[in-house]
Every structure is written in structure tokens, then in C-alpha cells.
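Trainee: Use the sequences and the hints to build the structure in full.
Quick note, the sequences are listed as chains R and F, same order.
In this text, residue positions in the first sequence follow the numbering used here: the first is 1, and each later residue adds one.
In this text, residue positions in the second sequence follow the numbering used here: the first is 1, and each later residue adds one.
These are calculated hints, taken from the structure and not from any lab test.
These numbers were taken from a predicted model, which means no experiment stands behind them.
For each residue, glycine too, the CB sits at the ideal point set by N, CA and C.
Please note that the accuracy of each hint is not assured.
What the hints assert, rightly or not - Cβ-Cβ distance ranges computed for the label pairs, FRET-style:
{"#": "1", "chain 1": "R", "residue 1": "LYS251", "chain 2": "F", "residue 2": "ARG35", "range": "31 to 39 Å"}
{"#": "2", "chain 1": "R", "residue 1": "LYS193", "chain 2": "F", "residue 2": "ILE138", "range": "38 to 46 Å"}
{"#": "3", "chain 1": "R", "residue 1": "GLN303", "chain 2": "F", "residue 2": "LEU117", "range": "52 to 60 Å"}
{"#": "4", "chain 1": "R", "residue 1": "GLN77", "chain 2": "F", "residue 2": "GLN179", "range": "56 to 64 Å"}
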Amino acid sequence: MKKFVGVLAASALAAAAWAAPAQAAEVRIGYSIAKTGLFAPAAPSQINAYNLWAEQVNARGGLDLGGKERRKVKLIQYDDQSNPGNAVKIYEKLITQDKVDLLLSPWGTPHHFAIASVLERHKFPMIGSTASSVQLRNMKPGNIWFTTAAVADKLATAMVGLLQTAGVKSVAVLTNQLPFGQENKKFLMPALKAAGIEVLVDADYPPNIKDMTAILVKVKAAKPDGVIGLAYPGDSILYINKAREIGIAAKFQYLLVGPAIGFFRGMFKGAADGIVTLGHWSPHGDNARSKAFYAAYKKKFKQEPDYLDSVEAWVSVEILEQAVAKAGLDKDKLRQAISTGTFDTIIGKVRFDGVQNAVTPTGFLQIQKGELHVVWPKDRQTAPLAPKTGWK
Amino acid sequence: MEFLLSGQLLVAALIIGSIYGLVALGLNLIYGTMRLLNIAHGDLVMIGAYTGYWLFTLAAISPVLAMLAAGALAGLTGAALYFGLFRRQLTGSQPIERIEANSLLIFFGISIIIQNLTALAFTASPRTYQALDTLVRIGEVSIAQSRLVALAVCLGLSAAIVLFLRFSALGLSIRALIQHRTASRIVGIDVDRVQAFPFVLGLAGTLIGVTEQISPFMGFPFTIVAFVVIILGGLGNLAGGIAAGMVLGLIETYGVALTSANLRSVLIYGVFILVLILRPEGLLQRRRLT
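Mentor: What follows is the structure, given as C-alpha cells:
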């Protein structure tokens, strides 16, 4: 009997071993992200989008590889602890040791910037998401692309347009010293000057700022029509708390990154109403892909997607999937497909000119009665811009 | 420049100053009575902040109640460190210099362990929560309730501790210990009872956690500030330390308002170095005659 069981077990093992190669290996897709550290509050928006996509691709039977076969995907994730230096090491490891088939992007401009050289060295194409950089664009790298319409120079022009529409004649500019904030400021200041909008307060602050009272007391005394906070999520939270406490009464108040994250509106309830932020997507439009994404995200995570970061991450995987369907996993063919193709996404058609999204216009969102609406550009508006009236 | 006359700025300076004063008071007592250089001081503040955060997030307990629990937890941690690590050293016949040097190294290690255990347990991600956020108006100044509570508790507690040390028998014996360690030991003063003092750190931690971001590494800046305040106020001078906390709060708030938020650390360290050079016995300490 024992012998029989042994034979049975051995033959089962042999059968399993024989059957294994028939199951094609998964497509391994790696990325690093700020799971901990300064940027951690922002990362779940992006991680969720990636996970939802992987789940949907596998439910469809896998990723279409150049029309030849479909293989399931497996995501490999590392924590870069919000440190761009770690991201460099991780992407190096993903490419050389883990030997992943594809890469997804990390969170934020500093990390994209840091890993661009790794991608160039290994000629490994990666579609960026939650980042943009004029500086990087000018270097003309060939293996990274930015899905976003929020590039600092385009943003400056759009911001001036929005300010003029809102009748804002004077502003306070508060800038987080991280690269995205700084680059925004670099292009915004001359644009404001050219448009005759007076800058009454110009204050820079460190990323880990703990108290904004001193800055906001100056803003209150200067009584600008608008406050432009070139902020990240942590200091966006700080701004709302302090501006509410001090009673900043400007009719236009803008925070660069943060208010589009789902928890933000929940955290402040009515107090965040009227805040304007960066973003060019809203589920209120008539894009079918967009509606499907919104519904699936909300169903899986029991919360709304981040209108900026979840969206950019989703667009990046939509483009990746379509490019791989055309070119397969060969890096050179894939690079060619991404650079020259036009892709269907939840923000409409996207085509790249160099590293930059050449189609989507730069936009702004505003929190209105707890919902985010596109208020700029006018032809994509889901609601008109409204002045901020108090803090409730 | 008229923004410098804003009541809002003054209140912010007083709040931050009162927090600095209370945190430094804890350090002053521990160093004063036992000559232990507690580098892990700020980490007890951090423990208090997390206690407040979790009690509010999981059980909707108000920070006003949570700070008592946080105080108890920090007090227990402080006492456990003392009885587990330092008591034997202190009761031995080692010279004070060696106790100081050893405690500095030991606390340095403890600080790293506490920070990283917290990061392992709760991740290193910063957290915030909205509690006591109703606005209170006093004249032209409006303050969030949480910060008003922080101001009241820190000032009240600091005053109570100073009065206790001045007028109660135990308090007097503690002061005797600070002034003359060996003599106080000869007359039989019980050092063990001072160990509960870190409770003020837990309390302060909860109050700080309501008003700013919480992370496993938030404590270290408070350790630094506490040392700066003690140097300013004079070692062992408790009332002086509280006044020095206020002075540092004013320097920081008005300094940032006049210059830039990027210079906050420069201001604090700058004051520290200046005082060490110009008046090493402390700004508020009377010069010793001997």
C-alpha cells in the first residue's frame, strides 16, 4: 500500500512538472513607490490604480503581447521610503536582478527625475504618471513619458487664464521647495508679471514645515485676491487648517497637489469647498472608459479615485497595455510604439511629443459642495469656477 | 511690517513656547535630579502623539481624555527605563561624569529603538487627524480649540509643577537633589519617586499630535529644542526653563515671520550656539559667585 501511495505521489509530481511549462510564465511588472515617509499619504491613489488594472487585465485572460499570446501579469512592488535615491537603486535592481518584463512609474516628480538616468542606461521604456518636469523635457530622454497635462510652463499660462477669469488682480505665492513646486514657481512668476497680476507675498518653505502661522499672517495682512499654494499633500493639509484658523478670505485659493486625493474632502468636509487644485479629469464627462474606471475603482476600494494621481497612474497603464498589444515586450519596438502611437485613455486621446502629452489641455479642478469639478479649460468645464466663500 | 503686531502671531508664539517650556521641564527634571542625558526625551513625546491618534481614530476618544492615557504610558515607559537600565548605575559609586556619558549613549540607542519599533508597527508615514477643530474667537484672534487646550494645559501644568517643587516637601527634596546630589543623598532623599515625571511628555505629545503631523521621527526636534531651552534657561532652573521656552517660541515665530520658514532650524541652532558662546551658564541663570 505504501509503495502504491509512493508511486501515485511520484506520478502526480511528474504530471505536475510536465504540466507546468504549458502554463506560460507571468509578465512581471515592477515599480517602487513611497509606501512610507513624507509622500506616503499620496501613494495609495497610485497603488490602487495599478492593482485594479492588474486585476482587470488578468480577468480578461492576461496582457495581449503583440497580438500573439496573452499572459497574466504579476506586479512586483518595493517601498522607496519617499527617497529618490532608493528609487534609483530599486529600478536598477528591478532591471538587472529581478529582470522584470515591464516597469511602472513611482510616485512624484523627484522620483521620476531620479530614475530617468537608469531607464536611459538600460534603454528600458517606462511611462511616467504622477510627475512632470520641464527640465527633464529639455534633456530629451528617450525612455520616459509624462501622461499629465500639468507641465510647469503650460500650467503657468493656464493659471494666468484662470486668474483673469476669476478677476484676481493680486496674489500671494507660497511655494514648497520640492522640485515640482519650484519649477511651477519659476514659470508662474514671469507669467503673473506679464499679465499685470501683482504678487503681494512670495514665501518659500521647507517640505517638512510644521507651522504656517507666520506665513499666513503675512498673507492675511496683505489681503490678496488669490492665494496660490504650490503645495504637496502634507502642507496642503496644514494650509487648510491654518488658513481656516486665521481666516484667509481670498476669493481664489489654490493648492497644487493634495485636494484631489479622496481623503482630503472627507477630512475637511465643508471647509475645503472652493479650493482649486491641479487636475484635468472628472467622472462627470461623457467618456465611457472614464465612467467604467470610476465605477470599478469606487466598487473595489469603497472610495473615489484621486482625480489627479489615480487618473495619471491609470492613463499610464492604459497606454502601456495598448503599446504592448502592438509591440510585445521587445524594448525597442515598445519604445517606438509609445513614441509614435495615439492611445485611448480616460482623459481622451493621448499622443506624445517628446516626453510630453501633446493632446490633453492643462486643467484645474475645484471642490464644490464636496465634489470635484473641472473648472478649466472652459470647453471641458463640468462646472463654472466659483469664488471661495468662507471656511464653514 | 504691521503683520508683526498681529495677535494671531503672538498667540502662535505663546502656544509653541508653552509646549517647548513643558517639554524642556521634563528634561530639566530628569537631568537635574539624576544627571541622565535623555536623548530619547522627544520619543516619549512621539509616543504620546500616537496614543492620542489611535485613541481618537479607533475609539473616538477626545484628545483631552487621551492625553491622560498618553501621560500614563509615557510615565510608565520612563519609569521602566529608569528601573530597568539606570537605577543600578545611579546607586553605584560611579562618578557623575561617567553616568552622564553612559546615559547619553544608552539613551541614544533607546531613541533609535523606539523610533524604529514605532515605524515597524505603524509605518513611517506621517498621520494627521481632525479633533477639537472648532474655532474660538478671542478679540481679533481666532484659534482652533485644540491649540487653545494645548496652551492652557502646558501653562497650567508647568505652573503647577513649579509650585509643587517650591512648596511641597517632596518638591523641596527634589530641588535639593538638583542643587546638591551627594548632600541630598546623605540626608536620605528618595530618587525613585521622580521617575513618574516623563508623564508630562506623553501629555504634551498628545497635544502636539492634534496640531501637527505625527510620525515616528517627530520626537527628535523636540529633544533638540528641549536642550536649547535648558541651556537658555539655565540647567536645573525650572522656572527659568519655562520662560526660556517662551523666549524660544517668540524667537522662532517672529524670526520666521521676519525672514523665511526655511530658516527655522538656523534660528534655533543659532540661538543655541550664541548662548553657549556668550553666556554658557544660561541667559536666565544668575552668575555663580564661587
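Trainee: So, for every hint listed, does it hold in this structure?
Mentor: A quick look at each hint next to the structure:
1. R/LYS251 <-> F/ARG35: 31 to 39 Å: Violated, since R/LYS251 and F/ARG35 (Cβ atoms, about 58 Å apart) do not stay within the stated range.
2. R/LYS193 <-> F/ILE138: 38 to 46 Å: Given about 40 Å between the Cβ atoms, the range holds.
3. R/GLN303 <-> F/LEU117: 52 to 60 Å: violated (30 Å)
4. R/GLN77 <-> F/GLN179: 56 to 64 Å: holds (58 Å)
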